[in-house]
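Visitor: Construct all of the structure, not just a fragment, from the sequences and the given hints.
Protein chains in written order, with this note's numbering: chain Z, 6 to 542; chain P, 188 to 759.
Please note that the accuracy of each hint is not assured.
Derived pair list, reagent style DSS-like, types lysine-lysine, alpha-carbon separation capped at 30 Å [stated by the list, open to error]:
hint	chain 1	residue 1	chain 2	residue 2
1	Z	Lys-145	P	Lys-312
2	Z	Lys-402	Z	Lys-445
3	Z	Lys-445	Z	Lys-76
4	P	Lys-312	Z	Lys-13
5	P	Lys-372	Z	Lys-76
6	Z	Lys-119	P	Lys-312
7	Z	Lys-145	Z	Lys-131
Hints listed in this document are in silico derivations from the structure and should not be mistaken for laboratory results.
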Amino acid sequence: MEEFKKVKVFRFNPAKDTQSRYETYEVRYVEGMRVLDLLHSIHDDHDGSLAYRWECRSGQCGSCAVIINNKAGLACQTLVPRNLAEVAISPLPVFPIVKDLVVDLEKGYRHLLKVNPFMHRIASPKRPEIIHSYEVEDLKPMRECIECWSCVSMCPVVKVAWDVYGGPVVMSQLARLAFDKRNVFDHLLTAFLDGLNACTQCATCKEVCPKEIDIPEKAVGKMRYLAYNKRNLLRDGHKAIIEEMNRNHNPLFELNETRANWAKNFKVPLSKKGAKILYFVGCMASWREQVVAQSTATLLELAGADFTILGPRERDCGSILFRLGAFDLARRFALYARDTVKDYNFDSIVTSCAGCFRTFKRDYPEKLDIDLGVPIYHSSELFAEYINQGKLAPKHKINLPVTYHDPCHLGKHVGVYEAPRECIKAIGCSLEEMLNGRIKENSMCCGAGGGVRSGYREVAREVASYRISTDLPKDVKVMIQTCPFCYFNFQDAVETKGYSIENIDLTELLLIATRGPEASKVLGQERYNNIMSLSTR
Amino acid sequence: MRSMKAQPYEGIETDVLVIGGGGAGLRAAIEAQKKNVEVVAVGKEIIGKSHTVMAEGGYNAALGNVDPKDNWETHFSDTIKGGAWLNDQELVEVLVKEAPERFYELEEFGGIFDRTSSGKLAQKKSGGASYPRTCFVSDYSGHEIIAALVDEVRRRGITFMEEVFVSKLLTSGNRVAGAVAFNMKSGNFIVFRSKAIILATGGAGRMYEITTNPASATGDGKILAIDAGAELKDMEMFQFHPTGMVWPPSCKGVLVTEVVRSAGGILMNRQGERFMERYHKMLELAPRDVVSRSIWREISEGRGTPHNGVNLTITHVPPETVKENLKTMYKQFLLAGVDITKEPMEVAPSAHHYMGGVKINQKAETSVKGLFAAGEEVGGVQGANRLGGNALPDTQVFGRLAGEQAANFARHEPSVPSFSVAQIAQEQERIMGLLAEKSGGISPIEVRRHLNRIMEENAGIVRTGERLSKALIEIENIIKKMLPKTQLTEHSTLQYHRELVDALENINLVRNAELLVRSALIRTESRGAHYRLDYPKTDNVNWLKHITWSINAGVLNYEFEPVSITLLKPPF
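Guide: See below:
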């Protein structure tokens, strides 16, 4: 039986059209077909006026990058999904449209050429030039870039602040030059000036790169490491944070002794010897979004978990240090965490912050080869399990249309997508996913990651604003958060720009669903009333 | 004759105009600019997205890093033997002597190629080579070369105009004076006035249905050249790469690099027999024409795989080595559902490289004053069959040479020659005529499909007089009946008009095909890539000569031209 796909294609001919539109074509599906075949089929058999670029059809030239079902990719290297009846194809955003799927890349090339993306040598080398393979290990993957512009078209920072941040392609090109010992030009400084520290390291670029270049870690991360360690190139805000981490073991300019101040009126086990679970509160929940810590601790207690917090004995996870390339200092935090876990003989760790979660799970082992030796859970994972086991009973259902923001550090960096969604369902909320396909592995960064919040506050806020204003489903007024960093950043955007939406941490809602009106004792009457009023509106 | 009014156009004057943005074109532009003349380079595609970027295998340079016995003389004789003695030896001498220096330069531009354990350039053995001679980066060598060239073009601030379609060279007597083009992005006409022009537009694989070539490989330059008065030679010589993908349908023809066979890949027919043992002592690494014909024979005699190919297996090589050294292949097949570390690849020959093309001398000069050519544009360098790894040095050596010579030429010319502007209007009229609304016509894609089928069926790896005659009739039919009726869907603008470009390219492809078929009919012997089932023997007594085409007073003529034999006398 013949199978057909509905192919929705963006059309715009400036010579005739005043407005763009989508046209839908029925295209015969053949197994193994690529998106480029759909375009050929439309052009050859349906409408010869369709404009699109293609050259090599084997992923080597990068001409045919387009947006396919909300995600950038090479048309020739993207299989037509067997299980989807419809495929939507549109031109790369952030570039002006020439015609249909063809965009004018000029703007991108201007950004690229601005950074002198080529090697400078003082003199020609003696031939033959001896270069050892190990000397080019770091830069070789960076050289695979085919300038398809997929990364740039999807980058959250480029969308709002291309003038501040050159974009992923610029960073990978600068990395290949900065790592090249033959090169005498200071491409590291160039990178720093072109927004090296404005990258949120969200990894959207890596997700769409046809050559799978790990720009956030292997280009930006490595260059930040070099910039800080070899050149002391840091934003002022970041310099202060590093000093503060040295002094007070947290990046928020707080006295570490006050870490458990949020727990003053709660009966939270503090540095309890023999406890099985360490609730690692993290800096944001300790000082900035204390309600997250309070809700989480209350829920743990309600579920009968044998846990403790460390209060002043907790030191930062060190996340910001990894983002800034300050690995030596980060090691001290990682070793402290490892020793603490050993001292207390914890069975597991739960975090209510996606940032701590990622740092423990990925940065410690991958960057420092340090393993905490116990399972690490994000609170949403633990609570989803408690609900399943009946340890938590969210019986006070909250009928609220909500959407959920996947934090990069929880979602695409570690792969936790379902646990928060299960919790949301258990609470009784109707979950409407964020728009433009920007969920789960295609989620868009809040803008705070990678140290951007502390280095480029405006940029972080603008990304959050973009996210709110373009991806929020219609009629949804509540954004559920599972990371206090995202929470804080979105809240800043809401307050600055006056969006009429409410950010609520997942634990707040879980608490209300579990305790009913009693939750007000933790959240405060005003917050409780406020949330409840949303559900009855 | 009614008077023609020129369309508005942007005028650009330069000393040297380079047409083509691949390996040869960019190298030519760099060299010309080095010589302090004004250069403008144009390409049909975005910078760096030409055919060169798709080269996988590598670059032959007799450095002797892996086997010190290698030297330019061996490279020379391998090339001549691989080319079935049809190569012009003085051109080959330039190629092999200069190849190493041009390669070092690529690294000096910024490229980095794979190394030996002592840090020298690594080299591997390609088909038809006596020693390991091919320099590479994994299996994406062309990408690295283009990246290096693009770096240098950017470093020098050379003007490269992207997505510009050149449709006609302007002449003044036997002298080039410029070109008519249009900017695909803006839809505006451009008229270039230049003292010298370098043609480097590459091959014409798109005349075949199954080809490794990209969309742009439509033989434009060869037609621009012959129309401007230059000669084309060896137009019957078209190489079929032994291994292209056969499945899934959309990947038909996509290159499966010779690196697979260099790395130990074994060809097997359906019965699991290593059939190359029956055909050539060099087995899988025999010259490409031999391997292609052997595969063709296996398939046509019923020993092929379900998708009409043969199996190429690399499963005996450790998976980690495959993933590192055949990175592109591994991913390419994985996407098609085949894990090459565990399963064989199904492959069949695919139209790959045009050995025939513009006739040049040792200074890359054509017979038209001020017109130079380099790379796959050119005929005579690769003879009747090109060795794996010889195309990339061809682009660099002759690219540089053309750049240098064009710059020298331009420097000695006081001014851009004047020419009859009627040529401009005439060319614009031709293009606007294609664009104009008409009814009952034939779409460019229909023409293309028809041509592809004719060429695939009648002028492929194995040829006969009968088939070729049939192809010629069909091609004449296309020229007379189909091309004039070309009808486009969209008439409002030249801007990013794929169909219009297809239509113009069709004309070039059909004319290339005509020359290919006519030459193949004339050459009643088999040599290199040209295999006539009705004349299966190589006839060195009568056929050690080129067939060279030109247009005189609007009429296509050919003449025979002896092969230039300088250093290596044939043993027959």
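Visitor: What's the verdict on Z/Lys-145 and Z/Lys-131, does the C-alpha distance respect the 30 Å limit or exceed it?
Guide: holds (22 Å)
Visitor: For a C-alpha distance cap of 30 Å, please report whether P/Lys-312 and Z/Lys-13 respect it.
Guide: violated (48 Å)
Visitor: Measure nothing beyond the straight line between the CA atoms of Z/Lys-119 and P/Lys-312; if it is 30 Å or shorter, mark the hint as holding.
Guide: It is violated: about 41 Å lies between the C-alpha atoms, which goes past 30 Å.
Visitor: Is Z/Lys-145 close enough to P/Lys-312, meaning Cα to Cα at most 30 Å?
Guide: holds (23 Å)
Visitor: Is the straight-line distance between the alpha-carbon of P/Lys-372 and that of Z/Lys-76 30 Å or less?
Guide: holds (24 Å)
Visitor: Given the hinted pair Z/Lys-445 and Z/Lys-76, is their alpha-carbon gap at most 30 Å?
Guide: holds (12 Å)
Visitor: Given the hinted pair Z/Lys-402 and Z/Lys-445, is their alpha-carbon gap at most 30 Å?
Guide: holds (25 Å)
In the structure shown, a violation is registered for the earlier hints numbered 4, 6, in ascending order.
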